[in-house]
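A.B. asks: Read off the chains here:
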Amino acid sequence: MKRSAIRLAVTWALLAGASGHLQAQGNLEIDTPAIASLRASMQQRHQQIAGHYESGAIGLTRDGLVTVRDASQVPLPQRGRLSALVAAENRDREALYQEIARANGHPEWREQVQATFSQRWIDKARPGWWVQQADKGWAQR
Amino acid sequence: MMPSVRIESLGGGLALLLGVVLMTAGCVTINIYFPAAAAEKAADRIIDGVWQLPNGQGKTAPADGDRQ
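Chain order of the listed sequences is H and V. FYI, my numbering numbers position 141 of the first sequence as 141, with every residue one higher than the one before it. FYI, my numbering numbers position 13 of the second sequence as 1013, with every residue one higher than the one before it.
Take these hints with a grain of salt, some might be off.
[To be verified] A few chain V residues facing chain H, derived, Cβ under 7 Å: (1) A1015; (2) F1034; (3) A1039; (4) E1040; (5) A1042; (6) A1043; (7) D1044; (8) I1046; (9) I1047; (10) G1049; (11) V1050.
Hints are computed from structural coordinates only; laboratory data are not their basis. A quick note: this is a predicted structure, and the numbers were derived from the prediction, not measured. Backbone N, C-alpha and C fix where the C-beta goes; we use that ideal spot for every residue, glycine too.
This is chain V alone, in the form it adopts within the complex:
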């Protein structure tokens, strides 16, 4: 068993270390948080291009490859 005196002397350092660890964890959490608004913007850009919606070249001509 560790002497309790020693633990107390480490208390301040431990608190500081804990603080740093928690802050770092908070930072990491923010960093990996899914950027929903940015994803929506990216999706819109790609979909407008694929479907040729107004941002791009106006209306898509109806498919002529479909002989129905």
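Next up, chain H with everything else stripped away, as it sits in the complex:
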């Protein structure tokens, strides 16, 4: 009798603890200095990249990054600048996914964060931008 009461109390306490964890998951922490600086850097770079999304020179990949899709859209002398933009953007994106996972105490979430972003970048792409399909082919939105 006494033991089953104790067992009940222990079960109740553990369940209460579990639901506390659940409630703590309403939002992900994204307001850290590292994340803020990555966001600012990407927002600033977007001014230079947007035109390339529109021309199709740069496309959104399925893994939450960007790539040079059609370099012929850009005059030869500017292609170095194009790949530098892509490289810098991908560095920021990789760092962003990692920082979000880390800021939330779960570095192992990095890949899932990246997968979530990858889907949302593609969903939110503007009409005319190029996005990579499941079969790796390209489609214009």
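With chain H fixed as given, assemble chain V onto it according to the hints.
C.D. replies: For chain V alone, kept in the frame of chain H given last:
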């Protein structure tokens, strides 16, 4: 070899301990479960900001830094 009588006397305690361990494991599982909905919300907030989508300052002006 341990006397079987002793194991039986420990049975109840072991069951309770096992129960506690399983509950704790369940709690940990819930805690580290990837919060997909929260991640999507975070992604939307960040993407809207980076791309200046409606939530932020309306439409992005076409890039003027690209002399094409």
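A.B. asks: Hint by hint, note whether the structure agrees.
C.D. replies: Hint check:
1. A1015: Violated. Min distance 9 Å.
2. F1034: The hint holds - F1034(V) has a Cβ within 7 Å of chain H, the shortest such distance being about 5 Å.
3. A1039: 4 Å, holds
4. E1040: Status holds, d = 6 Å.
5. A1042: Nearest chain H Cβ about 4 Å off; hint holds.
6. A1043: 4 Å, holds
7. D1044: At about 6 Å, which falls below the 7 Å cut-off, the nearest Cβ of chain H leaves the hint on D1044(V) intact, so it holds.
8. I1046: 6 Å, holds
9. I1047: 5 Å, holds
10. G1049: 6 Å, holds
11. V1050: The hint holds - V1050(V) has a Cβ within 7 Å of chain H, the shortest such distance being about 5 Å.
Comparing the model with each numbered hint stated earlier shows that hint 1 is the single one that does not hold.
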